[in-house]
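All chains should be modelled from the sequences, with the hints used to inform the complete structure.
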Amino acid sequence: MKRCGYCDFNTYTPSELREGGTLEGVSAGFIDALIAEVTFAARTTSTTVPTIFFGGGTPSLMPAKELGRVLDLLKQRWEFSPNIEITMECNPDTLTLQSLEEYRAIGINRLSMGMQSADKSVLKVLDRTHDPENVAKSIENARKAGFDNLSLDLIYGAPGETLQQWESTVSTALSYNIDHLSAYALIVEDGTKLAAKIKRGEISKPNDDLMAEMYLLVDQLASKAGLNWYELSNWGRPAAHNLIYWHNQNWWGLGPGAHSHVDGVRWWNVKHPSKYQEQLAKFESPMQDRERLTVDQMRDEKLMLQIRLREGLLKSDLTSNQIAVLAEFSDEILQIEERLVLTAKGRLIADRIVRSLVMA
Amino acid sequence: MPAIPLSKAPQPASTDPAQIRNFCIIAHIDHGKSTLADRMLQITEVVDPRQMRAQYLDRMDIERERGITIKSQAVRLPWRSGRDGKDYILNMIDTPGHVDFTYEVSRSLAACEGAILLVDCAQGIEAQTLANLYLAMENNLQIIPVLNKIDLPAAQPDKFAAELAKLIGCNPEDVLRVSGKTGAGVEELLDEIVAQIPAPVGDKAAPTRALIFDSVYDVYRGVVTYIRVVDGKLLPRDQIQMISTGARHELLEIGAISPEPLASQGLGVGEVGYLITGVKDVRQSRVGDTVTLYQKPAKQALAGYKDPKPMVFSGLYPIDGADFPMLREALDKLQLNDAALVYEPESSAALGFGFRCGFLGLLHMEIVRERLEREAGLNLISTAPNVVYEVTMEDGKQITVTNPSEFPNGKVGEVLEPIVKATVLAPSEYIGTIMELCQDRRGTLLGMDYLSEDRVEIRYDLPLAEIVFDFFDQLKSRTKGYASLDYEDKGNLAGNLVKVDILLNGETVDAFSSIVHRDKAYAYGVMMTQKLRELIPRQQFEVPIQAAIGSKIIARENIRAIRKDVLAKCYGGDITRKRKLLEKQKEGKKRMKMVGRVEVPQEAFVAALATDADIEKVKAARDK
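Chain order of the listed sequences is A and B.
Our numbering numbers the first residue of the first sequence as -7 and each following residue consecutively.
Our numbering numbers the first residue of the second sequence as 22 and each following residue consecutively.
Note that these hints are calculated values from the structure, not bench results.
Any given hint might turn out to be false.
[Said to hold, decoys possible] Computed cross-link-like contacts, DSS-like style, restricted to lysine-lysine with a CA-CA straight-line distance of at most 30 angstroms:
| id | chain 1 | residue 1 | chain 2 | residue 2 |
| --- | --- | --- | --- | --- |
| 1 | B | K605 | A | K189 |
| 2 | A | K116 | A | K189 |
| 3 | A | K263 | B | K605 |
| 4 | B | K590 | A | K263 |
| 5 | B | K320 | B | K225 |
| 6 | A | K267 | B | K601 |
| 7 | B | K605 | A | K191 |
| 8 | A | K307 | B | K607 |
| 9 | A | K263 | A | K57 |
| 10 | A | K294 | B | K599 |
| 11 | A | K263 | B | K607 |
| 12 | A | K197 | A | K116 |
| 13 | A | K191 | B | K552 |
| 14 | A | K129 | B | K590 |
| 15 | B | K605 | B | K590 |
| 16 | B | K601 | A | K185 |
| 17 | B | K590 | A | K112 |
| 18 | A | K189 | A | K112 |
| 19 | A | K189 | B | K601 |
| 20 | A | K263 | A | K189 |
| 21 | B | K354 | B | K330 |
| 22 | B | K432 | B | K418 |
On a predicted model such as this, the values are computed, not experimentally measured, just so you know.
Now the structure itself:
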């Protein structure tokens, strides 16, 4: 078992966690700790749960019964919203009809599948092991197992990827009649294998101009297929869970390195799973650090997040200086009634526009 | 035992000039001058063996670390000659060894009757040493040629003895051979000094005249002035007067250095020592000036006084703008000890507030900057150095340009630039490459001489501006480090010079303007526009970068508009990270300069204007 070359997530293979560790062995202990953290959370918050998301990595490596333990407990402690969205991220290689049926049975109702590319050479550069053929089969099996909300993740801009290869990837993904599409420009994160290869000159750096073309292309093809953008990198039926982040609502992140946000306080857990389990075994909070947001910080975060959404910024939320600054971006921003919404060109430089706004 | 206990030695103020020998050591950096001086201090026993340390006379850390001596000093060494058994006083006057301090060297030489020409016998004579040797010969000093480091395995004493003999017109066997390290030959050298160097001659009865050959600021004592008495005498409590400035001072202390300052009953004809008046600024006690008595002043100053003239200018800016007052304070303090340093505040759209500083030359500039950084803990950027231009407009108006941005835009009649006479010494195999470099730098060949079979001296007139612009680095790299360079001021000459402006998005950026020869303007324009294209990040619109002479565009590059400036992912855990980045960028904005609508990071200015070392430093400061 190995992690992908571009991934900088807080991930560990079983043998990295424990000498001779097996997936089943480390999973059970990990879920015990997670359950302990749930107990913590339950003591401090009470609410109706609108969404649950298993992700950041490949939780589909986890046996369904372990995830089921978590969901059972959550259900005991909180009331679930009647139209709750429960998403699991998964790798198409690890899914079988049987496992999909098990996931569906424990209550998972949305799958976000890491397809990344339909092109083998691109997958190789990304150091992904899955066979692109498995995506079609997994989607078919997922439908059979009763999933009616399916999303695919794509990555564009891998070194060497051409616009044609990308077009074919997007078309393939859209041909599966998915409900939702995420497409991310490749970020070369420090410390990854990919970064090391680029540094050594073995492969070229991603090209920003080409990635801009690729973005415009996926936006165009997705819209044509009936999946409209609702967030910068997301098209189709909005993920209720992600909207919570972007609307700056409350969420509780469980697990090592997980981030949470409740009423203007953000905190994050210790990163290493062993440390995380250790803390909880002592009945101590696994929180590593926290911050209480100032009014200015909340305002900046709101700008930063909202500008990425199709609903855009409410003009009345901006200062006159900020509105003046936006005059520079006439090609990048559309005014729709009282809202300022990024055009495709604007979405490509959203961070730059946010900088101008917060510095205005 | 030729050393004499201090108490039994002839005392200052009562030493017969016939017993005095004043000499200096002319040597290149690292040819072992300080080590030889150490041995002399030891052999004459003026330093307690327990207090002896390496490079005893080099006061400042910076000098000891870089192995160079900036401020000269004079040490009084009692010595009983092994030849005639009589007692003598040897005054060793230390001289700075670098091209920038020619004037200070000339004043030190003027205080002596003789000079030791000290050459590393593994390396041979270097250009600066040769220049100082010529200076000493012009001053009619008795030259004692000495080869040092004879203990080294790589020593070639016969070869370099022949070279020195040829240069000064003596026999190769007259060249002494010593080792400052082991002490071999040093006693003999002391005896040779007594034997060869003439005693000073002066008029005991005439109005007092003493030459200031150095002036140093000391935190505790104020300015310590080093003098050589030519006529008359100076006594404690005398009222003295400086002839050039007319300033009058009370003597607080007078004495000799042996090798720590020791107050004396005065100083008489031919003697060398120091005086303290309580002034706080070396400008009030200028090198080359003549000290006389207020009550009975001499009419005629000693010859050779010159005001120090800055030849090279550069902007010094604190990396952190808040350090500007500290920089001012540090410069004020440094100026107390450096009469050649001039500065005035200037502001740059790119670099903020700083000072335009004038220096004697590149080394002087480096030393000043290093001292500011080390002693005041400042982090500085210096702009590329430039020379001073005298511009005459067609209407006859005269303008002195010390900063290229001041170069007038109107109808320019004539531009004068400083010219230097440069001497390069190198192995003869590099003649071709050196001549090529000098020709490329607008040089005029003056002449060439062989010092020995395989070593040559090449003389060129060169515009100082060309030397200031990486000439020395080029010379070193093209000759594998074997060439040495010296140059001296040779006045101004008219040149076909133009100002090349750099325009960003149509707006001139002062900081990037440069004055170059017309034939090189195009190459400069191309180089600068290309460099800036690499350094300035893409904006949301296309930015043309142009180089222009007046309104004529000579080079152009484009920075294409940025297409993508967004991070694709922004989920729960990314939000804090992203906001923190935004906060950092907000801070970074302070270091962003707006040129019209174009955002230019400070690093771009630094990289375009400054040295590679500065660029690294700015990066390091930013990453912190």
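The hints, checked one at a time:
no.	hint	result
1	B:K605 / A:K189	holds, 28 angstroms
2	A:K116 / A:K189	holds, 13 angstroms
3	A:K263 / B:K605	holds, 24 angstroms
4	B:K590 / A:K263	holds, 20 angstroms
5	B:K320 / B:K225	holds, 16 angstroms
6	A:K267 / B:K601	holds, 26 angstroms
7	B:K605 / A:K191	holds, 25 angstroms
8	A:K307 / B:K607	holds, 22 angstroms
9	A:K263 / A:K57	holds, 25 angstroms
10	A:K294 / B:K599	holds, 12 angstroms
11	A:K263 / B:K607	holds, 28 angstroms
12	A:K197 / A:K116	holds, 16 angstroms
13	A:K191 / B:K552	holds, 23 angstroms
14	A:K129 / B:K590	holds, 27 angstroms
15	B:K605 / B:K590	holds, 19 angstroms
16	B:K601 / A:K185	holds, 25 angstroms
17	B:K590 / A:K112	holds, 24 angstroms
18	A:K189 / A:K112	holds, 19 angstroms
19	A:K189 / B:K601	holds, 28 angstroms
20	A:K263 / A:K189	holds, 26 angstroms
21	B:K354 / B:K330	holds, 20 angstroms
22	B:K432 / B:K418	holds, 10 angstroms
Hint violations for this structure: none, all hints satisfied.
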